[in-house]
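Peer 1: Residues per chain are reported as follows:
There are 4 protein chains.
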Amino acid sequence: MKRRVHIGVIGAGTCNEATYELAMALGREIASCGWILICGGLGGVMEASCRGCSERGGTTVGILPGLEKEAANPWVTIPIPTGLGEGRNVLVVRASDVLVAVSGGYGTLSEIALALKTGKPVIGIDTWKDIEGIKYVQSPSEAIETARTLVG
Amino acid sequence: MKRRVHIGVIGAGTCNEATYELAMALGREIASCGWILICGGLGGVMEASCRGCSERGGTTVGILPGLEKEAANPWVTIPIPTGLGEGRNVLVVRASDVLVAVSGGYGTLSEIALALKTGKPVIGIDTWKDIEGIKYVQSPSEAIETARTLVG
Amino acid sequence: MKRRVHIGVIGAGTCNEATYELAMALGREIASCGWILICGGLGGVMEASCRGCSERGGTTVGILPGLEKEAANPWVTIPIPTGLGEGRNVLVVRASDVLVAVSGGYGTLSEIALALKTGKPVIGIDTWKDIEGIKYVQSPSEAIETARTLVG
Amino acid sequence: MKRRVHIGVIGAGTCNEATYELAMALGREIASCGWILICGGLGGVMEASCRGCSERGGTTVGILPGLEKEAANPWVTIPIPTGLGEGRNVLVVRASDVLVAVSGGYGTLSEIALALKTGKPVIGIDTWKDIEGIKYVQSPSEAIETARTLVG
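So the protein lines, in turn, are chains A, B, C and D.
My numbering numbers the first residue of the first sequence as 1 and each following residue consecutively.
My numbering numbers the first residue of the second sequence as 1001 and each following residue consecutively.
My numbering numbers the first residue of the third sequence as 2001 and each following residue consecutively.
My numbering numbers the first residue of the fourth sequence as 3001 and each following residue consecutively.
Note that these hints are calculated values from the structure, not bench results.
Incorrect hints may appear among the rest.
Said to hold, decoys possible - Straight-line Cα separation of at most 30 Å, DSSO-like style, residue types lysine-lysine; simulated pairs:
1. A:K135 - D:K3117
2. B:K1129 - C:K2135
3. A:K129 - D:K3135
4. C:K2117 - B:K1129
5. A:K135 - D:K3135
6. C:K2120 - B:K1117
7. A:K129 - D:K3120
8. B:K1120 - C:K2129
9. D:K3117 - D:K3129
Construct the complete structure from the given sequences, taking the supplied hints into account.
Peer 2: What follows is the structure, given as structure tokens:
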């Protein structure tokens, strides 16, 4: 059975407007591909990408740090409360075939590192610089194009 | 924001035909409620309940022990590979608001116990006997009726 | 390299005096064997067994649900905070070669079930009744004798 | 009750001789402080630091990715098999009050990031460069001196 691609979107829980727009555009592209969007389920980049994706009819999974599914942002279709705190970052990586990092802080860096450690491709837009292994791109559409060549 | 009910279906990875039919009927009832079905994603009771649910257009989440989403049964809509082995049982419980145990072995017993430990209601059909705290019922429809009074 | 036996002691976080005495006696026996005692690190049976063991110079590991090592009872030699809540029960089982259940509630039942699911022997004293697979014994010394035949 | 300091040592599972010597020296310093050394339990930097520490009578904990305690290097006093794979990195961080990164690859980077995300101090020797938040030092003794001012 052929499964749909799972694409992780990782990035900070708060972000500025330009990053929010960029992440929304990324979410819209993901919906167009028919892929499932995996993320940490909270605000900022996670919220924006879920919003773009779900507004286009896509499916979004939010793997939450806490125990309450109500903590998910409103554009998460499937909230998965884990109670693992930052430990859930491991699950975001494991549930994804490929990841796109958009901006982001230490949590995002931990996900980038876990993904690269376990051989999952990581695409970066305006994120942690000079990490060997990240495929840096300039735009959501370039991110999707790159992802498609890697796992499509 | 009001979230849909998450109902966990727990039970053994292999089962006889009668149990399979029963779990399929349970899955169909879950789809009728518009609830999300959470399970361990593999065969037996997990497969049967997913099958019943997805054949009626419902959504099913399979929280898998391994790292490959292809291990999910074909009726899992959203496979979540975790790489945690039996440790994923904790996540099945945490992702659910209420759980229904159908038959089952030690893995199911661990989920029953974790759910009761953390105050989540557990409904049982033809499962581990004489566990204080399980609400024992006789049929899928009675299970759903009971679940509805608990979390609906 | 031959490693020392790891024996898990599982049981409720609060207990009556008779159970406390019994668990202390079990801890003393474990110290005499030179084995490492693994437990959940909190009160009741966990505390009593750690106390008996450490008072005889034994080593005790407390795998804690929270993030603070100060939550461990005073007789834990090595506290391991996990932040996993009840999810740490999985780790208590995985860190042990054999487990002894003393009395106990749902948390203990989850550990019994996880151990039996993964093929680890479980010895029971005055604990959950009629669970197929538990080797029921009457005393700490009988528990140790049984453990020795299984993993010694 | 005052607990001993837990110091995490993180670094790659294979390393050159100079790094091995450096990590051994770090382990010896940790033993001198009477602190508990926490690590991932395998080779390279983990092995060298455990070796230095245990040869001076210190206690070393190896939080292992697999299910077998025999996978620990011979200088691990307390092996803790977890079966979580790279997910055990989260536990190495949570079990530590302060961490020292020595050289290292993506796994080490994930631990650095998780530690900084959760507010734990990270001291770095010859490791990932230019990560804001790491306190970079030049030698094991400087690392210990820095750790002492942070958590001693």
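Peer 1: Hint by hint, say whether it matches the structure.
Peer 2: Now for the hints, and whether the structure bears them out:
1. A:K135 - D:K3117: 23 Å, holds
2. B:K1129 - C:K2135: 19 Å, holds
3. A:K129 - D:K3135: 19 Å, holds
4. C:K2117 - B:K1129: 18 Å, holds
5. A:K135 - D:K3135: With Cα atoms ~28 Å apart, K135 (chain A) and K3135 (chain D) stay inside 30 Å; holds.
6. C:K2120 - B:K1117: Status holds; Cα separation ~22 Å.
7. A:K129 - D:K3120: Holds. K129 (chain A) to K3120 (chain D) sits at ~23 Å (cutoff 30 Å).
8. B:K1120 - C:K2129: Within the cut-off at roughly 23 Å; holds.
9. D:K3117 - D:K3129: Answer holds: K3117 (chain D) to K3129 (chain D) is near 17 Å, not above 30 Å.
The earlier numbered hints are all upheld by this structure, with none contradicted.
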